[in-house]
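Enquirer: Those protein sequence lines, which keep their order, are chains A and B. For the first sequence, the residue numbers in our numbering are 1 to 387. For the second sequence, the residue numbers in our numbering are 1 to 289.
Check the hints yourself; a few may be wrong.
What the hints assert, rightly or not - Covered by chain A, according to a simulated footprint, are these stretches of chain B (three or more residues, beta-carbon under 8 Å):
no.	region
1	21 to 35
2	142 to 154
3	218 to 224
4	253 to 264
Derived by calculation from the structure, the hints in this document are not laboratory data. We put the CB at the ideal spot given by N, CA and C, even for glycine.
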Amino acid sequence: MNRRILLAALAAAAAAIAIPAAAQQPKLKVGFMLPYSGTYAALGDAIEKGFRLYLTEQGGRIGGREVEFFKVDDESDPAKATDNVNKLIKRDNVDVIVGTAHSGVAMAMAKAAKDNGTLLIIPNAGAVAVTGPMCAQNIFRSSFSNWQPGYAMGEVAAKRGAKKVVTITWKYAAGDESVGGFKEAFEKSGGQVVKELSLPFPNVEFQPLLTEIAAIKPDAVYTFFAGGGAVKFVKDYAAAGLKKTIPLYGAGFLTDGTLDAQGADADGLLTTLHYGDGLDNPKDRSFRAAYSKAYNAVPDVYAVQGYDAAQMLGIGLAAVKGDVANKPGIASAIVAAKIDSPRGPFTIGASHNPVQDMYLRQVVGKDNKVIGVATKALADPGRGCKM
Amino acid sequence: MDLATFLVQCLNALQYGLLLFLIASGLTLIFGVMGVINLAHGSFYMIGAYMAYALAPALGGSFIATLAVGLVLAVVFGYALEWAFFSFLYEREHLQQVLMTYGLILVFEELRSLTLGDDVHGVAVPAWLSGSIPLGGLMSYPVYRLFISGVCVALALGMYAVISRTRLGMSIRAGSANREMVASLGIDVKKLFRVMFAAGVALATLAGMLAAPIASVYPGMGNQILIICFVVVVIGGLGSVRGAFAAALLVGAVDTFGKVFFPQAAGVLVYVLMAVVLLWRPEGLFKAT
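Working from the sequences, and respecting the hints, build out all of it.
Expert: As structure tokens, this is what we get:
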């Protein structure tokens, strides 16, 4: 027997072994593209922990398939986003991508997912366009659109009797979209946004704009800031003596993960978001208990969004028995489902953004205490989405 | 805009400009005297802010004690850094200086991340400075901001006195004009540089500690301030402390009134100012000290 025949025989034998293996489904490849370094590192960590918690509850399987993880650190850098997402799509050949926190990076990911048809679940970034003009059958969001908390707060501000409001935010997509949502609801209810103040991202020299607010004397101020900017803005607002005289309303990120740094200056502030502390529902209680037990930490809104991303994937894949190629089947199952989230049950709208209750929360000590529902089952209008 | 609002905005501009001067003066001194482009200068500001956050609990929350201990640490730190790294840079090209000081930024950020984490922190304004002064209507001005301005003015006057009236100042001025000549006249240039560098680091660190209660403390804060400081130094004339003072006030005014009158263009106005100044006077407003 010469070498060629031997090799052919070996190949045939290998093929024979491979066939029964293929009959059993291969592992589901899930790619995390999240910030594991930089300012948003804590968000990426919480999202992954939430996702893994659901997987553990399901005995390590999604849609009947075992799961294999691939990880890419997106560094919250939009310039590297296309390269990074292609590592997962082209190199690792993943079935599903979960990511990310930063809106600019998420836009690049949505574009790549749309071009390649890879399933994408966004567990945080609120860029309106992703479930607007860029929407697609294979792109979902488990968090919120920037428009949603703003819109809910617009209704709250009007209900609390404000007539003239000044808005202030960073001049970039997230800020504009949030203020846009606020303005839409507030002016629909008869109020008027008398001035839209803004400063370039990530500038934090607020003092001149606070002087402007004091000179205009509006009934209330609406703001969108996050992270370090949110801490500084809340402290500056109080130091300028405005907190006592002009109510400050904000999108939830103003006081999420920042309360330790803001201290007493944040006390009593009202914000709107799809999650908060002291939600009285059994799912949230069991989720918080399980999360604390697994990670010895209190879960935040990001952990909830990671957990729900996994739930949505589970629902979609269960309906098609793990066949990720069946995108229409996955999409119709997720859109039809009622997702039992710690934030309270929600559904996924036609543009694949959550239709959810927006809570009104008040800062009490170190908690964002839920004091009521600002808007029930609020859906992003999904403007420009054609599916 | 009525007169009262205008005056308050002028105060805002002045206060921001003075804080910029405090940070930029160290940068321009180090460049003017030592010829080193120090990209890591923003990191010293960041380190100062984190020191204000981390040292305060250990020192019983006393603001003055925190400032004093922080300043001593900053001088020691600057001294050590000059000995270990910067003393090798004087004869090198600017590109190599930029590379090394950029590397230092990465090292400082990573060390900060490892030791103190990536969270945002707040530092309380000391109780005796926490009030605000009513200015009529809804307007009031935080006492702490006035305090910072006072400290900045005092430091600016002190620097002016040292540079123009003392023997050390004379060596500094001479050193920035002609280094070799100063060395040949028997002045210990090595020692002079070490003192200068430590002073530059101390100024930036002090600025960080002073700004911490109003700026809050967060990752990457040094890089934000670095860019605007370079704008100040370039407008003022590289190496000129007097120029940095004028430029800082100018940048403070343009930034403040830009935000109020032209919010859409606020991001670029400062850079437009820099371009205009450079077209008019390519070497900046003032010659080196």
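Enquirer: Run through the hints listed earlier and report the numbers of any the structure violates, in increasing order.
Expert: The structure conflicts with hint 1 only, although it agrees with all the remaining ones.
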